[in-house]
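Enquirer: The primary structure of each chain is shown beneath.
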Amino acid sequence: MGKMKRMLYFGSLAAAIVVLAVVLWMDKYYMPLSFLMIGLAMLPFYIRFERKTMKAEEILLIAMLGAIAAVSRVPFAPLPSVQPTSFVIMMSALVFGPEVGFLVGSIAAVVSNIFLGQGPWTPWQMFCWGMIGFTAGLLRNTRFMKSLWGKNIFGFSWGFLFGWIMNLWFLIGMYDHLSWKVFASAYVASFYFDLAHALSNVFFISIFSAIWLKILLRVKSKYGLLDSELA
Amino acid sequence: MIHGFSTLHPRLCFAYFAVLLLACMMYTHPVYSVLTLIGIVVLNLSLDGGRALKKGIKGYLIIAIIIFVSNPLFSSRGATILGYVFDRPITLESIAYGALFALSLLNILLAFVAYNLVITPEKLLYLLTPIAPRTAFIITVTLRFVPLLTRRLKQIMTVQRVLGYLHPRANKRHLMREGMETLHTLISWSLEEALQTASSMRARGYGIGKRTSSVSYPMDRRDILVFWIMVVTGANIVIGGLFGVNRFQVYPRLQSLEWSPQLWLHLICYLIFVFIPIVMNGKEELLWRTIKSKM
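Sequence lines, in order, name chains A and B. For the first sequence, the numbering used here assigns the number 1 to the initial residue and increments by one for each residue that follows. For the second sequence, the numbering used here assigns the number 1 to the initial residue and increments by one for each residue that follows.
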């Protein structure tokens, strides 16, 4: 495609999306709008992933980390909110950077839901877990994230943030007028689940993180993977 | 059972669920919601006899009931006041709104139960490949790793047991330390293996040209017929929806049901659309029961 043609193509696509969003907003169809938004928020990561030249090793590494994260979720499925998935995603992001963190997180969400059942929550989980990876990757070179305390605080706060974002998917569409009171009571209702997630993150980070980082760093330095362009 | 609707072209199945889910989210007309609920439940029954439905329905009903009960408690919009609870007016409108949205959420959740039965991972990957080939590929590989990892986990645990490390009567702390060891062995092993798989892939020419899909779904005559039915009824659904034919007002005052010819037309189109898979599955079922051998 020529440059002009491509600009026209993407311009009209963007315009169509904006018009659609405005129509949905005006008519108060907040639920489809929220799905549109969450899709658009994840789109840049996937466009970049599709277009970058990547070695087969790098793709397979992301797939394997995603599989480990997804598998670790399945046996914990009966316990709501307790899973080492967030921990695995954080560790991958700390070693391999923000982009890998995002991909590992969102792919783990899709794949584990293939076993546990897709639903309207899938895009939200993709987003939340992706963001855990992305933020952990962005902060990985700071002193805060290098200390065990920092990692624990990070995991603890994401335990709550994850639940708070996940609450949105039904709150947005389902209440005729959203007030702070509705939000507050939903968050109070989910408090124990969020706390369980936060505490399980802290548990996994304080016990396993040192050895996980060692294993992942060893693979990274042995094969020299995913380093230069993502630093 | 793989017959009827499940054998339709994946793009058509996906389009069906996309329209159905959007309709669940956007239409608040009570007649539409109730008919959609019936349609989805019958669809689930015709797909697998309601086994998947039975597993999830309890949780979904609880969510719907919570929404239904909590809406009038939080919202006191509406003109018809029925009574007061804790000095807050409870209105007929907010109860109706809660009921309609609980129903709509239930529809969405149950539609996803059917979606999971029809759109298998294989079809999902077929749909994704032309749009995002690398994403589809990475999901395929990740999916393949999941059974591999569980198999390896069993192997490692067998070795540990043979060596006498995983004694069932050992104390908890010891078992946990061994459990950690199992997991770390699994990770180191699998990551190394993944990289070897990658080298092997590269040696066989990964990334040289465009990849092709191993499963192909040609559009046959039945698919094309269903496609046109979906286009005609779907266009009616969308256009009618845009003009607000089936708009139902809850606030400020609950609207009574009004039947206009446009609404009838829209409703009939919607019903035909929703019941496409049920008709297809029903036809197969009838054929199976009534077919006579001509030998």
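Check each hint, because a few of them may be wrong.
Unchecked claim - Only pairs whose alpha carbons sit at most 30 Å apart, straight line, appear in this in silico BS3-like list of lysine-lysine:
#1 Lys214(A) to Lys172(B)
#2 Lys181(A) to Lys55(A)
#3 Lys214(A) to Lys154(B)
Claimed, not checked - Chain A regions said to be covered by chain B (calculated; three or more residues, Cβ under 8 Å):
#4 40-52
#5 117-130
#6 206-217
Calculated directly from the structure, the hints in this document are not laboratory data. For every residue, glycine included, the Cβ atom is placed at its ideal position computed from N, Cα and C.
Enquirer: Which constraints among the numbered hints does this structure fail? Numbers only, ascending.
Expert: Number 2 only.
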